[in-house]
Amino acid sequence: MRKHIFIACLALAALIVSTPSAQADNYALIVSAGEATTDDAATNSCFWYNPLLIYQSLLTLDFDHDSIVCCYGSGSNFNSSYACYQVPWTMADYSVSRANIQAAINDLAAVMTSSDFLYVWWMGHGSPSGSDLSLYLETTGEYCYDYEIESWLSAVPYQTRVVSWMTCYSGGILDNLENGSSVVMSSATFYESTYDEWLCDTYHAEFHYPERCAVAWETPCGICGAVDADTDGSGRVSVAETFTYADANTVNSDPQISDIGNIASSTYLGTPLLSIGFPDGLPDLLPPGVPYDITVRITEGEESLVPGTAAWSYRDNGGFYQTEALTSLGGDLYQATLPALACTDTPEFYFTAEGTLSGVIHHPADAPTEVNTVGIGVFQVFFEETMDSNPGWTTEGQWAWGTPTGGGGQYGNPDPTSGHTGSNVYGYNLSGDYANNMSETHLTTGPIDCTGREQVTLSFWRWLGVETPYYDHAYLRVSTNGSSWTTIWENSGETTDSEWNEIVYDISAIADGQPTLYLRWTQGTTDGSWQYCGWNIDDVRLSAFECEDTPPTDTVEVAIGCTPNSGQLPFTTQMAVSLTNLTSENRRAAGRIDMVIANGTPYGNWRAGWTNLSAGEVFSTFWNQNLPGLATLVGTNVFTLTGADVTPAPYNQPPFAPSGDTDTDSCTVTATAP
Amino acid sequence: MSNALSNLFHRPALLAALAVLLAVAALPAAALADTPPAGTVLQQFPAPGTDPCGLAWDGEALWIADNASGTLYRIDPADGRVISSFKTSEGRLSGLAFGMGRLWCAEAASKVVRQLDTEGNRLGAAMACPLPEVQGRQPETGGLSFHDGHLWTGTVAGWSSTMNQVDPADGKVKRSLFTKGYPVALALNDTHIWNATHNDGRRLGLVYCYGLDDGLFVSQFDTPGFWPVGLAWDGNGLWLADRETRTIYRVSTGQEVVK
Chain B
1 MRKHIFIACL
11 ALAALIVSTP
21 SAQADNYALI
31 VSAGEATTDD
41 AATNSCFWYN
51 PLLIYQSLLT
61 LDFDHDSIVC
71 CYGSGSNFNS
81 SYACYQVPWT
91 MADYSVSRAN
101 IQAAINDLAA
111 VMTSSDFLYV
121 WWMGHGSPSG
131 SDLSLYLETT
141 GEYCYDYEIE
151 SWLSAVPYQT
161 RVVSWMTCYS
171 GGILDNLENG
181 SSVVMSSATF
191 YESTYDEWLC
201 DTYHAEFHYP
211 ERCAVAWETP
221 CGICGAVDAD
231 TDGSGRVSVA
241 ETFTYADANT
251 VNSDPQISDI
261 GNIASSTYLG
271 TPLLSIGFPD
281 GLPDLLPPGV
291 PYDITVRITE
301 GEESLVPGTA
311 AWSYRDNGGF
321 YQTEALTSLG
331 GDLYQATLPA
341 LACTDTPEFY
351 FTAEGTLSGV
361 IHHPADAPTE
371 VNTVGIGVFQ
381 VFFEETMDSN
391 PGWTTEGQWA
401 WGTPTGGGGQ
411 YGNPDPTSGH
421 TGSNVYGYNL
431 SGDYANNMSE
441 THLTTGPIDC
451 TGREQVTLSF
461 WRWLGVETPY
471 YDHAYLRVST
481 NGSSWTTIWE
491 NSGETTDSEW
501 NEIVYDISAI
511 ADGQPTLYLR
521 WTQGTTDGSW
531 QYCGWNIDDV
541 RLSAFECEDT
551 PPTDTVEVAI
561 GCTPNSGQLP
571 FTTQMAVSLT
581 NLTSENRRAA
591 GRIDMVIANG
601 TPYGNWRAGW
611 TNLSAGEVFS
621 TFWNQNLPGL
631 ATLVGTNVFT
641 LTGADVTPAP
651 YNQPPFAPSG
661 DTDTDSCTVT
671 ATAP
Chain C
1 MSNALSNLFH
11 RPALLAALAV
21 LLAVAALPAA
31 ALADTPPAGT
41 VLQQFPAPGT
51 DPCGLAWDGE
61 ALWIADNASG
71 TLYRIDPADG
81 RVISSFKTSE
91 GRLSGLAFGM
101 GRLWCAEAAS
111 KVVRQLDTEG
121 NRLGAAMACP
131 LPEVQGRQPE
141 TGGLSFHDGH
151 LWTGTVAGWS
161 STMNQVDPAD
171 GKVKRSLFTK
181 GYPVALALND
191 THIWNATHND
201 GRRLGLVYCY
211 GLDDGLFVSQ
221 FDTPGFWPVG
231 LAWDGNGLWL
241 ADRETRTIYR
251 VSTGQEVVK
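As you go down the protein sequences, you meet chains B and C in turn.
Under the working numbering, the residue at position 37 of the first sequence is numbered 37, and the numbers go up by one with no gaps.
Under the working numbering, the residue at position 2 of the second sequence is numbered 2, and the numbers go up by one with no gaps.
Mixed in with the good hints, there may be bad ones.
[Claimed, not checked] Pairs of lysine to any residue, SDA-like flavour, derived with a Cα cap of 25 Å: (1) Lys-172/C / Glu-140/C; (2) Lys-172/C / Gly-215/C; (3) Lys-87/C / Ser-439/B; (4) Lys-111/C / Ala-435/B; (5) Lys-174/C / Gly-130/B; (6) Lys-111/C / Thr-496/B; (7) Lys-111/C / Gly-124/C; (8) Lys-172/C / Asp-132/B; (9) Lys-174/C / Gly-211/C; (10) Lys-111/C / Tyr-191/B; (11) Lys-174/C / Ser-134/B; (12) Lys-172/C / Ser-134/B; (13) Lys-172/C / Ser-131/B; (14) Lys-111/C / Gly-528/B; (15) Lys-87/C / Gly-528/B; (16) Lys-87/C / Ala-435/B; (17) Lys-174/C / Glu-133/C; (18) Lys-111/C / Glu-197/B; (19) Lys-174/C / Cys-144/B; (20) Lys-111/C / Gly-136/C; (21) Lys-111/C / Asn-413/B; (22) Lys-111/C / Glu-494/B; (23) Lys-174/C / Glu-142/B; (24) Lys-174/C / Tyr-191/B; (25) Lys-174/C / Asp-132/B; (26) Lys-87/C / Thr-71/C; (27) Lys-174/C / Ser-131/B.
[Claimed, not checked] What follows is a set of in silico ranges between Cβ atoms, one per label pair, in the way DEER data are often shown: (28) Thr-525/B / Asp-76/C: 23 to 31 Å; (29) Leu-216/C / Glu-150/B: 23 to 31 Å; (30) Glu-142/B / Asp-117/C: 41 to 49 Å.
Hint data in this document are derived by calculation from the structure and do not stem from the laboratory.
For every residue, glycine included, the Cβ atom is placed at its ideal position computed from N, Cα and C.
I would like the entire structure built from these sequences, with the hints used as guidance.
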């Protein structure tokens, strides 16, 4: 049964039941007015990829197939060769035509109420028609107009509406759909074209792609990693944050937003329930030996936090998770503290809170299957050329070290007049543009020793002008033998830098552990016309991940006393321990009993409690230690009670191995067997 | 014999039509199956120069530009031999067409169409390419073609990319069709219009075919190279120039009649 028939049935049911105060539901209209006919093709493939991506994202946001009405191309799924752009269900309820778009809108009008949420998403061709926006429907050759969309949508009741529109001249839709209950976003002004670009894995609609990434918190297909558009750390991405992220990642046009009711920052796709966020983010990398405070924000939406349920679970190097309550910082903020960690540690943690409607929620959402981790170590620069003096690299053609003169710029921009730092750079023709009809011309470093280096990363500052690769070329390549080269980057479009830009590449797959690494910047080939300023590079650095446990810098003083220090077994002695001079790390105090009983048998036993100590904290405590009335004891026995400061260890799991600067103190107890 | 049949056999034109239908029906299945798939290379030869661009058909021969040397070449379609050539003072071209007995050249930088005679002399005034006036990223000139008394220009402007039917007398746009991909090369016959597009070197280029009457997409095929730069219809078949392979191809549209 097609979904729109089902929706019509829903409408009928709604009429029969006639429940006026139904809970707000989420609905969406998705229209992709083009049609994909092949993968990886410009201004083609994205007409399938992007509606599918937003459709899938909505399914994770309290929408379902029956609440999304989709018009796509001729109505059939595009048979992508990529698994992640295939779905077993039919995405389109309708093919795209004027009549079908109206039918889709009518479906929504039949089931929606004035308490519902409506999301309208459109992509396709657009063009100006006087002061109106004309929308082209590729599969039928029909047109419809912005005022018609306005009229058709006026039949759909809603409480809040979010419109995301990507066509050329899409700014023209704003005045048609804006009102105090709507946020209307467009990919461009009414005076601009809009574009698709190769983004991450293939061609994507340049505005809709980051919009979807923001909503989904990730790039598609698990290829280009996570996306965090949650600038206020609320744990949810508002429409305003979505737009900000999409705007920042749209380079070929100037996205617009209409938010008359000032609701974008408090409007979300999907029902806002309890959420866990991190105003300061979560760390990816921490230096060893330093504790780290994580600020947690638990935001209540249409449900409340069950008091006392904000918690986090932590473990290191496997084992069982310890769950502790988060420390309240007031309001919706809480704190968890990662202990000082060593290089070999593998901390894992997740957060939980219980909502009055949704039950226990986790961060990450599928914890503990997926958990947060953090690397222990730092990136250290092990190779650096600031170009203040001539590095003496191998040059060809007009590659030269020196001060650029600001010349050239027949097309694009001229060269800089100095380095990013200092005066000098390596550049191709420091006095002007590169030449026409060049062959590939290289600047090559000498060998760089990467032995023992891990996660090698290259960074440098670039000022580059080069024509589209249709005509001219610029490359960055690396090699481990100076003869076979791997291209790290090549120009994918026209590049016209007008300022220094820092460029960073992960070259670990090639460089890690290699005794020789060569870097090569290449100018050319070029064609017979249009010259640009070419490469200018400065401040070249290689860094690698390193971790070295630093010994504690504090000087711990441990004092222990045993009271009484003699008696007849069994009896109790009080072991008092104090630690002072803690200055820099999280430590624990422990007590230990060691004794040699009268028959010469060693006897050891961990006892006593322990506690976490923070830097600067003075610790003083005592334990009442029962000395055992062991049947084997005869005569006089000497117990040695030792107090020590130790590094953190799993709960109640001796031995507490001391590290770095430690101190111990002991007292003895003489015990006489009865 | 019914009256209807009797009438039929007294009309020679209808009889001829019937004969043609029967003849087509009688074609061996193997002959139809031999129609090469769209995109099949039927013929190829090297393009002159190192930066070929544009492709045009003057009724007997092909024309192609070399942007590296600023030269226009007339090419024998039988073997690719250069019949004649001349240097031009025009800038880099994005498209080339032949119509009304003259060459039409779309110049990328100045975004004008110039008319040249077959010896390279300028004719008339330059005509501004019909590009949309937009803010932000500016549109670029694309391919060029001439058909049925009209110039067709390609506009490369993201999702506003179009093929435009232009009155050669005054440069006014009579009709615009949205394209898939970038219309960097155009060709037309009486029923179809093709645009070739590169995909920024990410995959092979593509040729898209649309109905000339309605502008609706009909079919597509991959080009032999990554950077198609010219298309031309010679009255019977489609020619394609590729910048990456520096080669001129005659390619099947998948619609050829097997003779």
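Going down the list of hints, with the structure as the test:
no. : hint                              : result
1   : Lys-172/C / Glu-140/C             : holds (18 Å)
2   : Lys-172/C / Gly-215/C             : holds (19 Å)
3   : Lys-87/C / Ser-439/B              : holds (23 Å)
4   : Lys-111/C / Ala-435/B             : holds (23 Å)
5   : Lys-174/C / Gly-130/B             : holds (17 Å)
6   : Lys-111/C / Thr-496/B             : holds (20 Å)
7   : Lys-111/C / Gly-124/C             : holds (16 Å)
8   : Lys-172/C / Asp-132/B             : holds (22 Å)
9   : Lys-174/C / Gly-211/C             : holds (17 Å)
10  : Lys-111/C / Tyr-191/B             : holds (20 Å)
11  : Lys-174/C / Ser-134/B             : holds (17 Å)
12  : Lys-172/C / Ser-134/B             : holds (20 Å)
13  : Lys-172/C / Ser-131/B             : holds (21 Å)
14  : Lys-111/C / Gly-528/B             : holds (18 Å)
15  : Lys-87/C / Gly-528/B              : holds (14 Å)
16  : Lys-87/C / Ala-435/B              : holds (21 Å)
17  : Lys-174/C / Glu-133/C             : holds (17 Å)
18  : Lys-111/C / Glu-197/B             : holds (24 Å)
19  : Lys-174/C / Cys-144/B             : holds (20 Å)
20  : Lys-111/C / Gly-136/C             : holds (17 Å)
21  : Lys-111/C / Asn-413/B             : holds (20 Å)
22  : Lys-111/C / Glu-494/B             : holds (18 Å)
23  : Lys-174/C / Glu-142/B             : holds (18 Å)
24  : Lys-174/C / Tyr-191/B             : holds (22 Å)
25  : Lys-174/C / Asp-132/B             : holds (20 Å)
26  : Lys-87/C / Thr-71/C               : holds (4 Å)
27  : Lys-174/C / Ser-131/B             : holds (20 Å)
28  : Thr-525/B / Asp-76/C: 23 to 31 Å  : holds (29 Å)
29  : Leu-216/C / Glu-150/B: 23 to 31 Å : holds (27 Å)
30  : Glu-142/B / Asp-117/C: 41 to 49 Å : holds (43 Å)
Hint violations for this structure: none, all hints satisfied.
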